[in-house]
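Enquirer: Could you build the full structure based on these sequences and the hints that come with them?
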Amino acid sequence: MKGLTMKTIKVIIEQAEHNYCAYLEGISGFTTIGSTIEELKANMCEVIKIMKDECEEHNYEFPEELKGEYELLYQMDVKSVLEFYTGIFTKAGLERITGINQKQLWHYASGGRRPRPEQALKIETALHKLGKELLSINL
1 MKGLTMKTIK VIIEQAEHNY CAYLEGISGF TTIGSTIEEL KANMCEVIKI MKDECEEHNY
61 EFPEELKGEY ELLYQMDVKS VLEFYTGIFT KAGLERITGI NQKQLWHYAS GGRRPRPEQA
121 LKIETALHKL GKELLSINL
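In the working numbering, the protein residues as written are 1 to 139.
The reader is advised that the hints may include incorrect statements.
What the hints assert, rightly or not - Using 25 Å as the maximum straight-line C-alpha spacing, the simulated BS3-like pairs for lysine-lysine come out as follows: (1) 103 with 41; (2) 67 with 91; (3) 79 with 91; (4) 122 with 91; (5) 103 with 122; (6) 41 with 132; (7) 67 with 122; (8) 103 with 91; (9) 122 with 79; (10) 79 with 10; (11) 79 with 132; (12) 10 with 67; (13) 129 with 41; (14) 49 with 7; (15) 67 with 7; (16) 103 with 52; (17) 103 with 129.
Calculated from the structure, these hints are not laboratory results. Values in this document were obtained by computation on a predicted structure and should not be read as measured data.
Expert: See the structure below:
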């Protein structure tokens, strides 16, 4: 497999009313829900396996993108990320690490406004930086 790169399949995660839902970007028919992100990820893997088995059993065409080796890349929108981490990060804390004021973060979290791509990247970069800092700590 020298020189071959693994395919990446994007899984879009969105906040639903009482849980999370996900679907494969650009591949119809592959959707799932879960009450946690971990459950949702496990459910998506199970959906893909079940669909593959069903397609083989009934001689249906299975999506080319899901044949062979691939990696699932999970992506959330800003609203879902802010909702997911509500009990962990305060808006004041997020303001400190992102530089985006709390009022604007509340608008993003409520779905009242969608951040511009630059603002979404700013939030993502700040969270990744915090994650790297936390990973560097030994206790």
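Enquirer: So, for every hint listed, does it hold in this structure?
Expert: Hint check:
no., hint, result
1, 103 with 41, "violated (32 Å)"
2, 67 with 91, "violated (42 Å)"
3, 79 with 91, "holds (13 Å)"
4, 122 with 91, "holds (15 Å)"
5, 103 with 122, "holds (16 Å)"
6, 41 with 132, "holds (23 Å)"
7, 67 with 122, "violated (35 Å)"
8, 103 with 91, "holds (8 Å)"
9, 122 with 79, "holds (14 Å)"
10, 79 with 10, "holds (18 Å)"
11, 79 with 132, "holds (22 Å)"
12, 10 with 67, "holds (15 Å)"
13, 129 with 41, "holds (24 Å)"
14, 49 with 7, "holds (17 Å)"
15, 67 with 7, "holds (10 Å)"
16, 103 with 52, "violated (46 Å)"
17, 103 with 129, "holds (22 Å)"
The structure does not agree with the numbered hints 1, 2, 7 and 16 stated previously, though it agrees with the rest.
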